[in-house]
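Protein chains in written order, with the working numbering: chain A, 879 to 1244; chain B, 879 to 1244; chain C, 879 to 1244; chain D, 879 to 1244.
These are computed hints drawn from the structure, not numbers from a lab. Treat each hint with caution, since some may be false.
Any copy will do: because identical chains look the same in the list, a pair fits if it lies in one copy or spans two.
Unchecked claim - List time: in silico DSBU-like cross-link candidates among lysine-lysine, alpha-carbon distance up to 30 Å:
#, residue 1, residue 2
1, Lys1148, Lys1190
2, Lys953, Lys1191
3, Lys1050, Lys1025
4, Lys1145, Lys1050
What follows is each chain in one-letter form.
Number of protein chains: 4
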Amino acid sequence: MAGSTFGNRFKIMTWGESHGEGLGVVIDGCPAGLELCEEDIQVMLNRRKPGQSKFTTPRKEDDEVKIMSGIFEGKTTGTPISMMVLNKTQRSGDYSEIAGYYRPGHADYTFDEKYGFRDYRGGGRSSGRETIGRVAAGAVAMKLLNKLGITVNAYAKEIGGIAIDYDRFDMKAAKENAFSMPDSEAAAKVEAYAAEQMKQGDSMGGIIECVIENVMTGIGEPVFDKLDANLAKAVMSIGAVKGFEIGSGFEAAKAVGSKNNDSFIMKDGKIAKETNNAGGVLGGMIDGSSIVFRAAVKPTPSISAVQNTVNKKGEEIEVSIKGRHDPMIVPRAVVVVEAMAALTLIDLIFENMTAKLDNICEFYNR
Amino acid sequence: MAGSTFGNRFKIMTWGESHGEGLGVVIDGCPAGLELCEEDIQVMLNRRKPGQSKFTTPRKEDDEVKIMSGIFEGKTTGTPISMMVLNKTQRSGDYSEIAGYYRPGHADYTFDEKYGFRDYRGGGRSSGRETIGRVAAGAVAMKLLNKLGITVNAYAKEIGGIAIDYDRFDMKAAKENAFSMPDSEAAAKVEAYAAEQMKQGDSMGGIIECVIENVMTGIGEPVFDKLDANLAKAVMSIGAVKGFEIGSGFEAAKAVGSKNNDSFIMKDGKIAKETNNAGGVLGGMIDGSSIVFRAAVKPTPSISAVQNTVNKKGEEIEVSIKGRHDPMIVPRAVVVVEAMAALTLIDLIFENMTAKLDNICEFYNR
Amino acid sequence: MAGSTFGNRFKIMTWGESHGEGLGVVIDGCPAGLELCEEDIQVMLNRRKPGQSKFTTPRKEDDEVKIMSGIFEGKTTGTPISMMVLNKTQRSGDYSEIAGYYRPGHADYTFDEKYGFRDYRGGGRSSGRETIGRVAAGAVAMKLLNKLGITVNAYAKEIGGIAIDYDRFDMKAAKENAFSMPDSEAAAKVEAYAAEQMKQGDSMGGIIECVIENVMTGIGEPVFDKLDANLAKAVMSIGAVKGFEIGSGFEAAKAVGSKNNDSFIMKDGKIAKETNNAGGVLGGMIDGSSIVFRAAVKPTPSISAVQNTVNKKGEEIEVSIKGRHDPMIVPRAVVVVEAMAALTLIDLIFENMTAKLDNICEFYNR
Amino acid sequence: MAGSTFGNRFKIMTWGESHGEGLGVVIDGCPAGLELCEEDIQVMLNRRKPGQSKFTTPRKEDDEVKIMSGIFEGKTTGTPISMMVLNKTQRSGDYSEIAGYYRPGHADYTFDEKYGFRDYRGGGRSSGRETIGRVAAGAVAMKLLNKLGITVNAYAKEIGGIAIDYDRFDMKAAKENAFSMPDSEAAAKVEAYAAEQMKQGDSMGGIIECVIENVMTGIGEPVFDKLDANLAKAVMSIGAVKGFEIGSGFEAAKAVGSKNNDSFIMKDGKIAKETNNAGGVLGGMIDGSSIVFRAAVKPTPSISAVQNTVNKKGEEIEVSIKGRHDPMIVPRAVVVVEAMAALTLIDLIFENMTAKLDNICEFYNR
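Just chain A, same shape as in the assembly (with noise of 0.2 Å):
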């Protein structure tokens, strides 16, 4: 495996560089039977398209997603799924002078390193645009979810040290604001906070909160395919994303057990906890309360003010990124963050079938 395969029993490869011919991922182990179309698909390339609002890039991107293969008569047949995004208004001539120098913060010299050379059109294969695939794979992923009754839910928790207030907390604002964020009063802050950022050419980091609702006990393998690991290896493998933690996460490090344990009790008649400091998670399975993780995620590296870097003569030299670059992350990756969740849960719903002898015999003998 050379890094662009992701799932083992919901596979995915993705493919495609930003400057390239277009983007796309191939995805292996759908069940056959669920209505799709590419109005699903585009739903949520969507919330990643750039140019929504003044505080993400202003590049005009139509990312119109094409399904290839997998779907007979408005279902899914079982066999491989290919959804595609031809790259249209990619302009080469912006990126050739990064061709000679690395950025801070990019790719462009651990490519060379590691490849001999790069596509450095836009970043090629480390560009954001890689994300085209994992969003349009985490739309069906989503989709089979949705099926079974669960949620996932992305958003801004904090942006350039601006958090929410949980009090305020409405989702219906993370909607409609530029930010995704579910509580208007931070969100019209983080608006002042960017605006004079980006007036100095610099840019900000912030928190991304995902929720996932109404997952069956038990999902999630014990030792190594824990959720809460194979989640931060999806999550962590966004670029940008620095950090994960799971219910109190790095605030656990500070407690003590009588306060960190979440206590069992019965409620409506069902085994629940009282709270949820492990965020949904023991031993690595679903124990029935809300799966709540968090994503750290740095500051865009492209920035226009000037910074020192090297050439690849190996000289020092300023440079001061030109382009139309995100002032911030966050906004565009929540999807990104739901989608890589998706795929992370229908991998392990679809292993967990396997558990029991009683489940295998059910199936078969039906």
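Starting from the known structure of chain A, fit chains B, C and D onto it as the hints suggest.
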């Protein structure tokens, strides 16, 4: 894959329960020609052994490893290396009580939900003893890394909210004090705090930091198998770990781009980075700086203080966990973090060997 | 894995249906630095193209390949290579009749049983067009093998019971006659026999033989991933292949050990084998002799002669398969066998690069 | 993967050398709730045990299996099942001579070429004892299959060119005679022929046939993971197997389509096939008929008759293999073929559980 398999190229499968016959691991993919003996494994296993100070469980577990295959005349043969530790001193009687209820913070409930029943003796498969297989395999990976000049060092950065001071950083101290803390003053404070918590039958969490040095640039795969993504999975799969961050991690979320970006500079005629907020990884590939990551470890869930929970009959009850438990997990988990880091790294190093056609031709045409 | 993924290190995922938008493949794991263009792929794809003689289907399929990603300035970049062929001349109308019944010898019935329904147009996913993805990926693998000096040549050893005579063996003939037969006399006999069968609306089977030369000794993994085991899977996965043998194959079953064993001898100062009953593989690893294997190919199941079958209503009916079908599969399958052999081989070559610690140290310390 | 790992869902890793500490296997992916004890494994292991007649090696190998993990109160827990057989009666002295030369038909030379050296004692990893891990894991897979009503039966179809007559087919005979031959008359002929060959210090090959019954239709994945492709790999990975065919196999190559196609018919109100040239598989998926496949087994390469070979110094020498060797491999390999078939089948059954969305919804919404 049902969760006890890790790695694609240096692949391991671990097995064993706390109170079964024993625990072990098989490695499929270790190259031939590595000098290896049981002592190499034992040294690393001894670092996770309990009973080393009054701040770890007083249980005595000898944990003597035996190599069952894959070695001939003192060297690995390229065939699977099977290693095991027989369970000798486990007393099943100690644990019979917990069969009937669900310990807060433990996987008892989720195991029952997933599999229909569980081996409740000492936590069964979700016991801390599960890490024996990880550490044994990690010791082999570590020896390979050392052959390549790579070092992996983890230590306690913080316990119970008491953090080390980098001005006093001293790895020698970490090897001497009971907490693996590279700062004797901080260790002394932890000692006092821990004594206090233990009196109250409580436990505490902490943060483990790990530094990897001298790794070739370019290791790690773009997109899904980024070095940081794979490390995150590896480390989050250790029981009790609730968060992972690399480089500036969650701090990056509050930073601006001009501060968080690491400028490239020339140093001794080579490309280097002025700072290391990236933690040694750009675009998922090693950039030549040290790899620095951290894991948040929750407090030991087994505490003697009274807690509320439910039993299998669905009754709410009060429990006080008996037995000999660690008041903190961090000191014994340090070596487990190193093991998982080593396993992750060797796998990606092997993966990287086919990144360039030139490498393959060179290998082939010798 | 749901069956359209192949390879562990040079991994491919194929997609597409006979009458969908197109067919293609993504390769994850091709090393950087290989010169590659569409013509390299097209040459091999053209060998499986129909309509090349009156003994293959007169359907016209242009099958022009387009490379969508993974190439920059004429070389592979190490990132996924996506290739596709758009379906242009497929007429769905031709096939509407077969929606209602199960063609003997085809996968119509099993697809319905497995997935609940099927894309019946032209066989859907189980059409011979499925091999487009195999051949496109195989062309890339073949170019890599050629760089290493390895050659892979398949040809028809037997068609309709008429076998080649090795005394007349001539690979030039194989490239010229309609049957890929390296013996013009045998080809002439097949031509007469085939004309006879076609008049009766019948079809015929045959045997494809493949010879691989100049492969490094030691390639192939002991136990489960023996070279011959992996080749068997690769070749048996081609539709219509019903048998696989290596070296003396089924003849070995009748032999005695003193005759079947190949004596080792010294030849030009090197260890060699006097005979090659082993087919170039000992214990699953390449022994330095040519690799020689054979695949048994069944007659084309689509025949115009009247056959008995059942329809979806459960009625027994008589059918005569309309449409433009190949009277024999062998000539067009020859290149598919080469492709699958190349894919298998490159994967195991990559795998072998970490067999010895010395190799890894050499690579690492350059 | 370095070759000792098999299966994707019911995954096994085998280990051990002929003269090391022991041999074993770990299963990751066995569902919870299967009653399992050592006797279940032992029964199947005993069928591969040597010394059962004068036509197998007189070596005494007790091969007592011990289950080390994954069982609690007599049932599988869903966690890895580790099983092992300690080597007790192996005498390394017997084999010291072969350290210096390469036995014809064995993997001595290829091991040296691949790894630089080898554990030469008794063939090391490439000994027939390697199959202990396969059979132990296969016994667990077989018990699962039996729970689902599936039977797997292999037997000798032909030894030394002497084939069974299906008119006298009698599985009871196969269990009684020394050759696992379901035809007493044929077995008597083999006995005479074998006695003759043994006098001359020679060995003989044969064909094993395997019949699998009562498997659900639709099992097997289209394209690369066809049931027959995966069976071919599984069976060809057994040492000494040189050919594989399913259904009419190599005979299909000589047939015409009108004869080789199996007509669908209605039988007891269900769709069935009039004949079974397909061997129970259409398009890689089970069609409801019995699965019938055959493996060609070469003569035992270890013979006492004088052979030519070379030694490690590159000198041509004459050797006569000492030691206690089987004059034929077939009788003891029958159970290995069954084991590999069971492992292949259970893996694809598990895979099939997510083929349809309906199945997943049903499972999820119970």
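Now the hints, each set against the structure:
no. : hint                : result
1   : Lys1148 <-> Lys1190 : between (63 Å within a copy, 11 Å between copies)
2   : Lys953 <-> Lys1191  : between (54 Å within a copy, 22 Å between copies)
3   : Lys1050 <-> Lys1025 : within (23 Å within a copy, 52 Å between copies)
4   : Lys1145 <-> Lys1050 : within (29 Å within a copy, 51 Å between copies)
Checked against the numbered hints given earlier, this structure breaks none of them.
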